[in-house]
Every structure is written in C-alpha cells, then in structure tokens.
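Number of protein chains: 2
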Amino acid sequence: MSIPEKTIERLSEYRRTLLASHAQGITHIFSHVLAGIHGITAVQVRRDLMLIGFSSDTKKGYDVEVLIDFISQILDARNVVNIGVIGMGNLGQALTKYFNGQRSKLRIVASFDIDPAKVGHRIDDIPCYDMARFEEQVNELDIKIVILSSPASIASELVVPIINAGIKGVLNFTSMPLNFPKGIVVENYDITTVLEKVAYFVKEAEENN
Amino acid sequence: MSIPEKTIERLSEYRRTLLASHAQGITHIFSHVLAGIHGITAVQVRRDLMLIGFSSDTKKGYDVEVLIDFISQILDARNVVNIGVIGMGNLGQALTKYFNGQRSKLRIVASFDIDPAKVGHRIDDIPCYDMARFEEQVNELDIKIVILSSPASIASELVVPIINAGIKGVLNFTSMPLNFPKGIVVENYDITTVLEKVAYFVKEAEENN
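As they're listed, the protein sequences go chains A and B.
Every letter in the first sequence is one number past the one before it in my numbering, and letter 128, counting from 1, is 128.
Position in the second sequence (first residue = 1) + 209 = my numbering.
Keep in mind the hints are simulated off the structure, nothing from the lab.
Mixed in with the good hints there might be a few duds.
Derived DSS-like pairs: lysine-lysine, alpha-carbon spacing no greater than 30 Å straight-line [as the list claims (entries may be wrong)]:
#1 K314/B <-> K391/B
#2 K412/B <-> K6/A
#3 K391/B <-> K203/A
#4 K314/B <-> K203/A
#5 K203/A <-> K306/B
#6 K306/B <-> K118/A
#7 K6/A <-> K327/B
#8 K391/B <-> K215/B
#9 K412/B <-> K105/A
#10 K118/A <-> K6/A
#11 K327/B <-> K118/A
#12 K6/A <-> K391/B
#13 K182/A <-> K412/B
Derived Cβ-Cβ restraints for the label pairs, each shown as a range [as the list claims (entries may be wrong)]:
#14 E366/B <-> Q102/A: 43 to 53 Å
#15 P127/A <-> A251/B: 40 to 50 Å
#16 R342/B <-> G101/A: 26 to 36 Å
Residues from chain B that face chain A, not an exhaustive set, calculated with beta carbons under 10 Å [as the list claims (entries may be wrong)]:
#17 I212
#18 A229
#19 G245
#20 I246
#21 I292
#22 S362
#23 E396
#24 E405
All C-beta atoms, glycine included, are put in the ideal place defined by N, C-alpha and C.
Using the sequences provided together with the hints, build the complete structure.
In structure tokens:
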C-alpha cells in the first residue's frame with residue numbers, strides 16, 4: 001500500500017490528538033471533532049482513514065483506542081527503532097529531551113559530538129560518543145535513523161559517514177540541504193523556512209488590508 | 210500577486226543557499242546547480258523564479274547577489290519584524306539562539322515564561338518577561354509574530370492572550386494543534402510528525418526489499 005506523504009503526516013497528527021484524548025478519558029470521537037482540532041474538513045479525515053482501511057460503524061464516532069492501534073500498525077515498525085542525534089548543541093539537546101519524553105516506538109539511544117566537554121558523558125541520560133566512533137556505535141546500538149542538529153557548516157561532511165554506517169533515514173535540522181543515495185530516506189527540515197513563511201503571509205495579509 | 214505556499218518555502222531555501230554561496234565568494238549560479246543542491250529539477254527552480262518575475266539573460270547563470278535581493282524583496286517586510294518566544298525551555302532557548310544567529314529581518318526581541326528562575330533575566334541576551342505581562346510587552350516592543358515552545362498541555366490557554374495582544378502570526382512548535390481566527394496566520398509545526406514520517410518511509414523501504 002502506498003500512502004501519500006501528507007496523509008502520513010496527518011495520521012501522525014491524528015494519533016497524537018487521539019493519545020491526548022485517551023489520556024483525558026475520552027473513548028469516542030467524531031470525524032468532525034478530530035477535523036476541527038486540526039483545522040481541516042471532516043471529509044479529509046474520513047478520506048484519510050478510508051485510505052488506510054479503517055471503517056467505523058458506530059454512531060458514537062470513532063473508538064479512540066481502536067483507532068490509535070490501527071494508525072500505530074500503519075505508522076510504526078514492529079520493534080522500537082533506535083535513533084542517534086548528531087550534534088548535541090542546544091537544538092540537539094532540546095530535540096532529545098522532546099522526543100524521549102513522548103510515548104513512542106522511536107527512541108534516541110545515542111548522541112554524537114566532537115566537543116570533548118560532551119563526549120564520554122551522558123546528556124539527558126543519553127550517552128554522547130565521539131563522532132569518530134559513529135560507524136562503530138551505529139552498528140553496536142543498531143541505530144537506523146539519525147537526527148542532524150550539527151552546525152550547518154559541517155553538515156555536508158556528515159553525508160559519507162552516514163552512508164558508510166548504513167543509516168536508513170535522516171532527519172536534517174540544519175539549514176544545509178543534503179542529498180543521499182536512493183535507499184536512504186531524507187527529510188530536510190529547515191525551521192528558518194517556516195518562520196520566513198509565516199512572516200511572508202503576515203506581510204501579505206497586511207498589504208491586502 | 211499570490212504565490213503558493215510551497216514556492217514561498219523554496220524561495221526561502223534558495224535564498225539560504227545563495228547567501229551561503231555568496232559568503233564563499235560565488236558570484237553566479239546555474240539553475241541546475243541550485244536545483245541539485247535542493248534535490249529538485251532545474252525546471253522547478255526556473256518556474257519558481259519566473260513566477261516572481263525574475264529573469265536572467267546571462268550565460269553565466271543567475272547573479273547571486275541580484276537574486277538574493279530579488280527574493281528578499283518578495284519575502285521580507287520593509288522593516289525588521291519583531292518576534293516573541295513563549296516558553297523558554299530547551300526548545301525555546303535553542304530556537305532563540307538559532308534564529309538570532311542568522312542574518313535576517315526577523316528578530317527575536319523578547320521571551321515569555323512563568324518560571325520565576327527565568328522571568329526578569331536575560332537568556333541568550335533576550336529579556337524574559339512574565340507571561341502575565343504578555344499583552345503589555347507585545348505592544349511596547351511591537352511584536353508581530355510569536356513562536357510557541359511551551360509545554361503542549363498549556364498551549365490552548367495561550368490562544369486568547371495571543372488574540373488579545375494583536376499578534377498577526379503564530380509559529381506553533383508544540384504538539385497541540387491550534388486554531389486562530391481569520392487574520393492570524395498560524396503554522397502548526399510538529400517535529401514529532403516529521404520524525405514519524407521518516408520512520409514510516411524507512412519501514413516501507415525495508416518491507417519492499
């Protein structure tokens with residue numbers, strides 16, 4: 001089954017809302033409520049769930065727990081996926097704390113840096129290794145995905161080590177766009193771009209007033 | 210002129226590449242080189258630039274400096290836009306350091322928190338105010354855009370203060386999607402979603418092997 005990228009994003013977002021609802025003791029949710037929370041139409045929600053083969057015959061709306069499990073079967077690998085962070089500056093540390101605070105099958109198990117003040121220590125309870133030992137540790141710890149939060153200036157130097165270590169997915173938070181060979185999933189995720197986008201649409205709205 | 214969201218994103222990305230090229234002394238760049246860096250086609254680059262009315266008649270490729278100025282005129286407001294950060298935990302601090310380290314017309318001028326250990330201090334040279342003084346400081350400092358990096362659990366309580374303060378744009382980094390009335394631009398930017406997306410496509414690639 002091939003599911004479009006945008007649907008995957010929305011499924012991830014629905015699940016987070018469903019988990020929060022579940023934690024509040026909510027057992028059922030209507031498509032239009034889910035849609036309202038995410039600022040989209042109920043038709044879109046139903047279309048997404050239809051696409052993954054989820055159907056609900058209840059008049060009370062979707063069963064929250066059942067839908068969480070259903071989405072999780074689509075999104076998650078069977079086992080926990082180990083993740084490494086390259087670059088433990090402010091952003092790397094923030095991301096580590098953020099991701100590991102979530103109930104998730106994705107787990108940051110190691111970080112990598114070149115700063116002697118960090119290497120050999122645990123930061124937020126995650127061991128920080130010397131970048132020189134990257135390939136070795138990736139194999140040892142069975143790391144499949146890396147998060148890049150290094151300075152943009154050295155990001156392109158990381159491409160070859162990442163390929164050599166057999167990494168399968170890269171989430172690149174540096175402002176340097178990176179290309180990888182086929183077989184390695186990469187998401188270039190530049191946060192400056194979103195801020196500039198918000199600023200542009202604010203400017204546009206002001207000029208049209 | 211109405212420019213699609215995706216084009217705005219790419220223009221922001223092109224500009225960052227052009228600025229980096231310029232810093233390295235590169236004066237001209239071909240559309241296929243720019244395209245290669247961003248993992249897209251040269252046709253896409255040319256289409257984007259045509260859309261904003263940029264044409265190049267030189268055989269040496271685009272003049273880097275001229276193109277930077279041209280894109281900046283599209284993206285940037287005439288004056289510096291002041292930004293506030295709500296929530297100065299790890300992520301808030303990382304974002305502040307990251308954004309203010311860039312040459313940009315977007316400037317973080319204040320942060321807001323409720324933690325007495327932070328309020329009244331400067332963090333990364335940015336004053337941190339009590340959230341209770343949000344509306345007052347937004348007016349005083351002419352803040353137009355806010356970045357939300359508070360805990361997700363309190364994000365929805367921030368909607369009313371943000372509306373009341375006259376904020377025009379919101380970049381929401383919490384995992385709680387927020388809706389705002391028309392006239393306020395909002396970008397819900399959940400970093401868990403991108404990580405889950407990368408993990409999904411890694412899983413897909415493995416299953417198809």
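Checked hints:
no.: 1; hint: K314/B <-> K391/B; verdict: holds, 25 Å
no.: 2; hint: K412/B <-> K6/A; verdict: holds, 17 Å
no.: 3; hint: K391/B <-> K203/A; verdict: holds, 15 Å
no.: 4; hint: K314/B <-> K203/A; verdict: holds, 12 Å
no.: 5; hint: K203/A <-> K306/B; verdict: holds, 24 Å
no.: 6; hint: K306/B <-> K118/A; verdict: holds, 19 Å
no.: 7; hint: K6/A <-> K327/B; verdict: violated, 38 Å
no.: 8; hint: K391/B <-> K215/B; verdict: holds, 21 Å
no.: 9; hint: K412/B <-> K105/A; verdict: holds, 12 Å
no.: 10; hint: K118/A <-> K6/A; verdict: violated, 37 Å
no.: 11; hint: K327/B <-> K118/A; verdict: holds, 25 Å
no.: 12; hint: K6/A <-> K391/B; verdict: holds, 24 Å
no.: 13; hint: K182/A <-> K412/B; verdict: holds, 15 Å
no.: 14; hint: E366/B <-> Q102/A: 43 to 53 Å; verdict: violated, 21 Å
no.: 15; hint: P127/A <-> A251/B: 40 to 50 Å; verdict: holds, 44 Å
no.: 16; hint: R342/B <-> G101/A: 26 to 36 Å; verdict: holds, 29 Å
no.: 17; hint: I212; verdict: holds, 8 Å
no.: 18; hint: A229; verdict: holds, 8 Å
no.: 19; hint: G245; verdict: holds, 8 Å
no.: 20; hint: I246; verdict: holds, 6 Å
no.: 21; hint: I292; verdict: holds, 8 Å
no.: 22; hint: S362; verdict: holds, 9 Å
no.: 23; hint: E396; verdict: holds, 5 Å
no.: 24; hint: E405; verdict: holds, 4 Å
Checked against the numbered hints listed earlier, the structure breaks hints 7, 10 and 14; every other hint is satisfied.
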